[in-house]
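The lines below spell out each chain.
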Amino acid sequence: MNLDFSQIVPSIPFILEGIGATLKFVSVSILFGLLLGTILALCKIGNKKWLKWPADIYTSIFRGTPLILQLMIIHYAVPQLFLYDIPVFLSAVLAFGLNSAAYVSEIIRAGIMAVDKGQVEAAEALGIPYRPMMANIILPQALKNILPAMMNEFITLTKESALVSTIGYMDLMRRAEIVGAQLYRNFEPLLFAGVIYWVMIFILTNIGSWVERRLRQSD
Amino acid sequence: MIKTMELTKNFGESIVLKNITTTINKGEVVAVIGPSGSGKSTFLRCLNLLEDPSSGHIWLKDEEITSLKVNKLQVRKNIGMVFQHFHLFPHMTVLENVMYAPVKVKHMKKELAEKNAKELLARVGLIEKVEAYPNRLSGGQKQRVAIARALGMDPEIMLFDEPTSALDPEMVKEVLDVMKDLAQTGMTMIVVTHEMNFAKEVADKIIFMDEGKLMEEAEPQSFFKSPKTKRAKDFLAKVL
Ligand SMILES: Nc1ncnc2c1ncn2[C@@H]1O[C@H](COP(=O)(O)OP(=O)(O)OP(=O)(O)O)[C@@H](O)[C@H]1O
Ligand SMILES: [Mg+2]
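Quick note, the sequences are listed as chains A and B, same order.
The numbering of the first sequence is our numbering, which starts it at 85 and goes up by one.
The numbering of the second sequence is our numbering, which starts it at 4 and goes up by one.
For the record, the hints were derived by calculation from the structure and aren't laboratory data.
Be aware that a few hints might be false.
Facing chain B, according to a computed beta carbon distance under 8 Å, are these residues of chain A, among others [said to hold, decoys possible]:
{"id": "1", "residue": "LEU87"}
{"id": "2", "residue": "ASP88"}
{"id": "3", "residue": "GLN91"}
{"id": "4", "residue": "MET197"}
{"id": "5", "residue": "ALA198"}
{"id": "6", "residue": "GLY202"}
{"id": "7", "residue": "GLN203"}
{"id": "8", "residue": "GLU208"}
{"id": "9", "residue": "ALA209"}
{"id": "10", "residue": "GLY211"}
{"id": "11", "residue": "PRO216"}
{"id": "12", "residue": "ALA219"}
{"id": "13", "residue": "ALA246"}
{"id": "14", "residue": "VAL279"}
Just so you know, these numbers come straight off a predicted model, no measurement behind them.
By construction, the Cβ of each residue, glycine as well, lies at the ideal position given by its N, Cα and C atoms.
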């Protein structure tokens, strides 16, 4: 079998640098998605139609088209319209953040809807205004439904992040490809990158189950 | 105390309340009875504007609460409500459940709210449960906390929607006893109930509803002895 890991050893630091690049853009995307997703969710659960339907259309578009297409449009197509160059990092964060916001908003919306209707009625009957009702009564209960699903979303996003290699962002994936091309050996660098992805996801998954266990304990 | 005039509620096509006109005086205990689906809950929920009446008027004391100008939250401060399924806040302790609204809505000082809450919980016999979470309580205890929570806002009227229907039989009495005590303090109470004995013993007035209409309004003795309408007779024949 034609396998020789010793050849990639000099390139290991180069590939490892991609971890930082991946984590940086993944965490900024998550924060962006979380923020926008929360706003979208609030639009969806309110009773204002003119807020609700734009949020619904947004969600439908970003969940109903391939992420790689969204990435390409943001990085290549939109700059064509406005005649400027967009940095890869910005494109990556925009595409993943905007996309994640759609999923996050659905997770939050569903989590809130799953809270017993009686809770809202009890709060209303006590004369509690909307904001404190949301902040102190509904959201704390919704969090139990939201957090586990949110962890899943972060895991998916981390995995899918490898797509940004297609627009030339120097993440883990891209670096593994470059090393592969230089050495004319693809198996070793890709396998190496795969192991790193697996470790990252493994850690995230464990954080996720830890969160879930904590939530269940408080029942 | 509370007065309705031609109060009507429909959900889309179906008319659930038809021209309810009645007056409930201060300190009165009114039992609302009638078959399932007759609109009892809807009537109660209109009174504190959990449902918007489709037409007609409601006055609370001298204020018309069905006028467009009123602040619903303001109205609800004066009207306590107890639900069939308690609806306690599960992530708060018993004490926090009772304290939350007075602190948040009435801006009461924490220390004062806590003192009041403990007095109320003592009154419903649950002072030893202040630190417990609702899921550690029996149904009867939960409902007593729910009553204390509603009383925490110091309302002038209390609405009860089948407060004992979700309870195991052995817990019905402890809740009814709390309600009797409350009635004795002169609280104005409107109670939707299937407990005919409670209605007989404690209520000053019976309202019998059927198909969204107020069919009869009478003192308990005369209502239970000689109901005027055939509907009421049939109903009583079934439940007594
Ligand atoms: N939100 C709603 N939308 C549509 N129909 C409703 C709604 N709430 C109640 N109804 C209908 O209104 C009618 C009266 O309901 P309501 O709950 O007031 O009856 P009830 O007398 O309290 O009955 P029960 O003894 O079963 O509690 C029922 O036919 C019910 O299906
Ligand atoms: Mg009912």
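GLU208 (chain A) as an interface hint toward chain B, with CB separation required under 8 Å: Since chain B brings a Cβ to about 6 Å from GLU208 (chain A), closer than 8 Å, the hint holds.
Interface hint status, GLN91 (chain A) versus chain B (Cβ within 8 Å): violated, 57 Å
Interface hint outcome for ASP88 (chain A) [beta carbon to chain B under 8 Å]: violated, 58 Å
Hint validity - PRO216 (chain A) Cβ closer than 8 Å to any chain B Cβ: With Cβ-Cβ at 5 Å, under 8 Å, it holds.
Restraint satisfaction for MET197 (chain A) [CB to CB of chain B, less than 8 Å]: violated, 17 Å
Interface hint status, LEU87 (chain A) versus chain B (Cβ within 8 Å): For LEU87 (chain A), the interface hint is violated, since the closest Cβ of chain B sits about 55 Å away, which is over 8 Å.
Restraint check, 8 Å cut-off on beta carbons, for GLY202 (chain A) near chain B: Nearest chain B Cβ about 4 Å off; hint holds.
Supplied contact hint for GLN203 (chain A), tested at 8 Å Cβ to chain B: holds, 6 Å
Cut-off 8 Å, beta-carbon criterion: hint that ALA209 (chain A) touches chain B: It holds, given that the least Cβ distance between ALA209 (chain A) and chain B is near 4 Å, below 8 Å.
VAL279 (chain A) as chain B interface residue, shortest Cβ-Cβ below 8 Å: This interface hint is violated because 41 Å lies over the 8 Å limit.
Hint status (Cβ of GLY211 (chain A) to nearest Cβ of chain B, threshold 8 Å): holds, 4 Å
ALA198 (chain A) as chain B interface residue, shortest Cβ-Cβ below 8 Å: Nearest chain B Cβ about 13 Å off; hint violated.
When each numbered hint is compared with the structure, violations occur for hints 1, 2, 3, 4, 5, 12, 13, 14.
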